[in-house]
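Undergrad: Taken in order, these protein sequences are the chains called G and V.
Quick note: this note's numbering has the first sequence finishing at residue 330, numbered continuously throughout.
Quick note: this note's numbering has the second sequence finishing at residue 656, numbered continuously throughout.
Worth flagging that the hints you see were computed from the coordinates, not collected in a lab.
Keep in mind the model is a prediction, meaning the values are calculated, not measured.
Any given hint might turn out to be false.
Going by beta-carbon spacing under 7 Å, a handful of chain G positions derived as facing chain V [claimed, not checked]:
no.	residue
1	Ser47
2	Arg87
3	Met99
Just a sample of chain V residues kept apart from chain G, beta carbon distances all over 10 Å, derived [as the list claims (entries may be wrong)]:
no.	residue
4	Asp382
5	Ile471
6	Ile481
7	Leu575
8	Thr636
9	Ile641
Straight-line C-alpha distance at most 35 Å; calculated DSBU-like pairs for lysine-lysine [as the list claims (entries may be wrong)]:
no.	chain 1	residue 1	chain 2	residue 2
10	V	Lys552	G	Lys204
11	V	Lys552	G	Lys124
12	G	Lys12	V	Lys337
13	V	Lys571	V	Lys337
14	G	Lys124	V	Lys571
15	V	Lys337	G	Lys85
16	V	Lys571	V	Lys452
17	G	Lys85	G	Lys124
18	V	Lys571	G	Lys85
19	V	Lys552	G	Lys85
20	G	Lys12	V	Lys452
21	G	Lys12	G	Lys204
22	V	Lys571	G	Lys12
We treat Cβ as the ideally placed atom computed from N, Cα and C, and that holds for glycine.
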Amino acid sequence: MSLLSVRDLTVKFAMRDNTVTALNQISFDLAKGERLGIVGESGAGKSITGFSLMNLLSRPGYIDSGQILFGGQDITQLSEAEMRKIRGNRMAMIFQDPMVTLNPVLTIGQQMVETLRAHRSLSKAEAEQIAILKLREVYIPSPEERLNQYPHELSGGMRQRIIIAMALLLDPELIIADEPTTALDVTIQADIMELLLELCQSNKVGLILITHDLGVVSQMTERTLVMYAGRLIEAGPTREIINDPQHPYTQGLINALPQQTLPGQRLKQIPGNMPSLTAIPTGCPFSPRCEYAVDHCRKILPEIVRYGQVEVACHEVSRLQNTNFEEASA
Amino acid sequence: MLAYLVKRVFQAIAVMFAISLIGFAIQDNLGDPLRELVGQSVSEEVRQQLRDELGLNDSFMTQYIRFLGNVLQGDLGTSYFFKEPALDVILKKLPATLELVAGATLIIIGLSVPLGVYTAIKPNSVLSRIIMGLSIVGISIPVFLTAILMIFVFSVELGWFPSYGRGDVVHVFGYWETNFATADGWVHIMLPSVALASIMLPLFVRLIRAEMMEVLQSEYVKYARAKGIRPYRIYFVHALKNTLLPVITVGGVQIGTMVAYTILTETVFQWPGMGFMFLEAVNRVDTPLIVAYLIVVGFIFVVTNTIVDLIYGLVNPTVNLARMGA
Ligand SMILES: Nc1ncnc2c1ncn2[C@@H]1O[C@H](COP(=O)(O)OP(=O)(O)OP(=O)(O)O)[C@@H](O)[C@H]1O
Ligand SMILES: [Mg+2]
Chain G
1 MSLLSVRDLT VKFAMRDNTV TALNQISFDL AKGERLGIVG ESGAGKSITG FSLMNLLSRP
61 GYIDSGQILF GGQDITQLSE AEMRKIRGNR MAMIFQDPMV TLNPVLTIGQ QMVETLRAHR
121 SLSKAEAEQI AILKLREVYI PSPEERLNQY PHELSGGMRQ RIIIAMALLL DPELIIADEP
181 TTALDVTIQA DIMELLLELC QSNKVGLILI THDLGVVSQM TERTLVMYAG RLIEAGPTRE
241 IINDPQHPYT QGLINALPQQ TLPGQRLKQI PGNMPSLTAI PTGCPFSPRC EYAVDHCRKI
301 LPEIVRYGQV EVACHEVSRL QNTNFEEASA
Chain V
331 MLAYLVKRVF QAIAVMFAIS LIGFAIQDNL GDPLRELVGQ SVSEEVRQQL RDELGLNDSF
391 MTQYIRFLGN VLQGDLGTSY FFKEPALDVI LKKLPATLEL VAGATLIIIG LSVPLGVYTA
451 IKPNSVLSRI IMGLSIVGIS IPVFLTAILM IFVFSVELGW FPSYGRGDVV HVFGYWETNF
511 ATADGWVHIM LPSVALASIM LPLFVRLIRA EMMEVLQSEY VKYARAKGIR PYRIYFVHAL
571 KNTLLPVITV GGVQIGTMVA YTILTETVFQ WPGMGFMFLE AVNRVDTPLI VAYLIVVGFI
631 FVVTNTIVDL IYGLVNPTVN LARMGA
């Protein structure tokens, strides 16, 4: 049984005069201990997906329909009190910017101890022992002293390590990391990612890694979701997605990677911008920017269809796939 | 820490200099001391001679330095009306005023925190809307009007509270008389304290609410939720502590300001404090007493602000007092 199974998740924002759909019928699965990447341009709905899984959407966002089965239980139906017991305990989250994630007026120790004691009946001393152990796991030097320090006394990289340690405090089954290194110095980004990968592997924790960076996804994850304007447009094993992208949007993302460009050549950016949620075109949302788009694409929304290990939502791909299929059967 | 302390004390001294200068300028321009000393019947020659003797013909600077020297020795002049050192007159009235301010401060602290927190956590509830509506009313009605309305309702119509005076006061130490030792004293201080708090309390409720709502949107509060921290801990540990830090600074300034607000409240309730005294002094053109009042109130203001800044530095871990002093 998969650890997480998201079915037709739809998230809306109730704006003053209309309601916009931020996530449109997203479905995906995550096996125990599996690592999944979510990529897409800014505003695609990656963070909204992460917060929905935690049932932590802030107003005016809400889950409109769909299911989130976590360990077989639909957590969209849980009460706030029941959901609280899952957050930080069975499902932990790592935020983007460690400089603003920790509470400035509480010590590291207080923030770690409170997390443990929110879920387990432990004495302060017992909780501190566990905290020290976890800080060691993320290679924090002299962890005993860190407990008495305030966040502002520590560097960004150190803080993100501490946040990773906090995510691991209660041995969760799933960690959701939303761009955990974008706010950090480039020189330490790789270290933090490596640490996260190592810990997820050794503790057999499932990981959902939200990022812009396809390079990171290919190193860190086994499967990848590609999102566009609140929809899932391609999903499959990371290797397949990187080596043989099907959707023109995914192809565009990969062609825009610096490694794909010869020295001296300009980066190949996808022309145009992703539509805002209030102005999503009819048909395929990517059609205005797509070089293969035909009339059909501008009128009819492509369903997401499975071809082998990969799922794609593109008319052009299905046409090619069907010809291949006809050729093969002829 | 020491460097910051020294720096802060120097700032306070600079402000006191400015206040003394203003006080002296008022004394210099307002009222002729000779009129009070000798009356109408004395000839101009004698007046000139007296002026010379009193040093009133010296240059502004010489007179100011003399004034400053006296002030530093605790000599703020002699009240024309009471024929007593002005400082003594004020110090006798000080306990009544400070107790009134203390009463109002207790009301403000005791109510603004729970009301501000509640309206921030439940911004759309009916009770929150009522509190916010009342706060606007409280802010917009002037203190003296609130005071008169309260006297009308609670003293005249209902007869629950007396309308003037301090009632039974008890000597505690020295000349300090307190309201807080007898039931009658408590009953007397109720209405004036509420009236004095009537503007600051709504301001504080709104300030705490606004700060708290902002803090509740912060990343660290979202993160605390994502860690499964219980709501009461999120509100009262994560959010409230960060909310109160800026409120302390504003609050300290406001408590200083409240000493000045007592003029109106004390006058309406015939409260025998230094605010009431000040208004009488103005009516009698008792210049030394007016100047002494300004200097004493300025001093209280500067001292509370300095203390508040130091407390802020101590409770906020991100303020490094040692570094700020450098
Ligand atoms: N509070 C909100 N009210 C209205 N719309 C919102 C709100 N929060 C997010 N959105 C919209 O939801 C969409 C998805 O946002 P989301 O934060 O998930 O993007 P993202 O893919 O994480 O982007 P980024 O890479 O920039 O983090 C965006 O178009 C955004 O405008
Ligand atoms: Mg995001």
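Undergrad: Next step is simple, just say for each hint if it's right about the structure.
TA: Going through the hints against the structure:
Annotation: Ser47/G was flagged as interfacial toward chain V, and the flag is violated, the nearest CB pair being 11 Å apart, outside 7 Å. The beta carbon of Arg87/G comes within 4 Å of a beta carbon in chain V, closer than 7 Å, and the hint placing it at the interface holds. The interface hint given for Met99/G is violated, since its Cβ lies 9 Å from the closest Cβ of chain V, which is over the 7 Å cut-off. Separation of Asp382/V from chain G is adequate, the least Cβ-Cβ distance of about 63 Å exceeding the 10 Å criterion.
For Ile471/V, the requirement that its beta carbon stay farther than 10 Å from each beta carbon of chain G is met, with the minimum near 34 Å. For Ile481/V, the condition that its CB be more than 10 Å from all CB atoms of chain G holds, with the nearest at approximately 44 Å. With a closest Cβ-Cβ approach of about 7 Å to chain G, Leu575/V is found to fall inside the 10 Å limit, against its non-interface label. At roughly 23 Å from the closest C-beta of chain G, the C-beta of Thr636/V stays outside 10 Å, upholding its exclusion from the interface.
With a cut of 10 Å on Cβ distances, Ile641/V stays outside the contact zone with chain G, its closest approach being about 14 Å. Using a Cα cut-off of 35 Å, the hinted pair Lys552/V and Lys204/G holds, with the two alpha carbons roughly 26 Å apart. Of the pairs offered as hints, the one joining Lys552/V and Lys124/G holds, with about 24 Å between alpha carbons and a cut-off of 35 Å not exceeded. Annotation: proposed proximity of Lys12/G to Lys337/V is violated, straight-line Cα distance about 54 Å (limit 35 Å).
For the given pair, Lys571/V sits about 27 Å from Lys337/V by alpha-carbon distance, which is consistent with the 35 Å threshold. Pair hint Lys124/G plus Lys571/V holds up; C-alpha atoms about 21 Å apart against a cutoff of 35 Å. About 50 Å separates the Cα atoms of Lys337/V and Lys85/G, which puts this hinted pair outside 35 Å; it is violated. Using a Cα cut-off of 35 Å, the hinted pair Lys571/V and Lys452/V holds, with the two alpha carbons roughly 18 Å apart.
With a CA separation close to 19 Å, the supplied pair Lys85/G and Lys124/G stays within the 35 Å bound. Under the criterion of a C-alpha separation no larger than 35 Å, the hint pairing Lys571/V with Lys85/G is consistent with the structure, at around 24 Å. Simply put, Lys552/V and Lys85/G have alpha-carbon atoms about 16 Å apart, close enough for the 35 Å limit, and the pair holds. With a CA separation close to 23 Å, the supplied pair Lys12/G and Lys452/V stays within the 35 Å bound.
A C-alpha spacing of about 33 Å is found between Lys12/G and Lys204/G, which places the hinted pair at or below 35 Å, so the restraint holds. With a CA separation close to 33 Å, the supplied pair Lys571/V and Lys12/G stays within the 35 Å bound.
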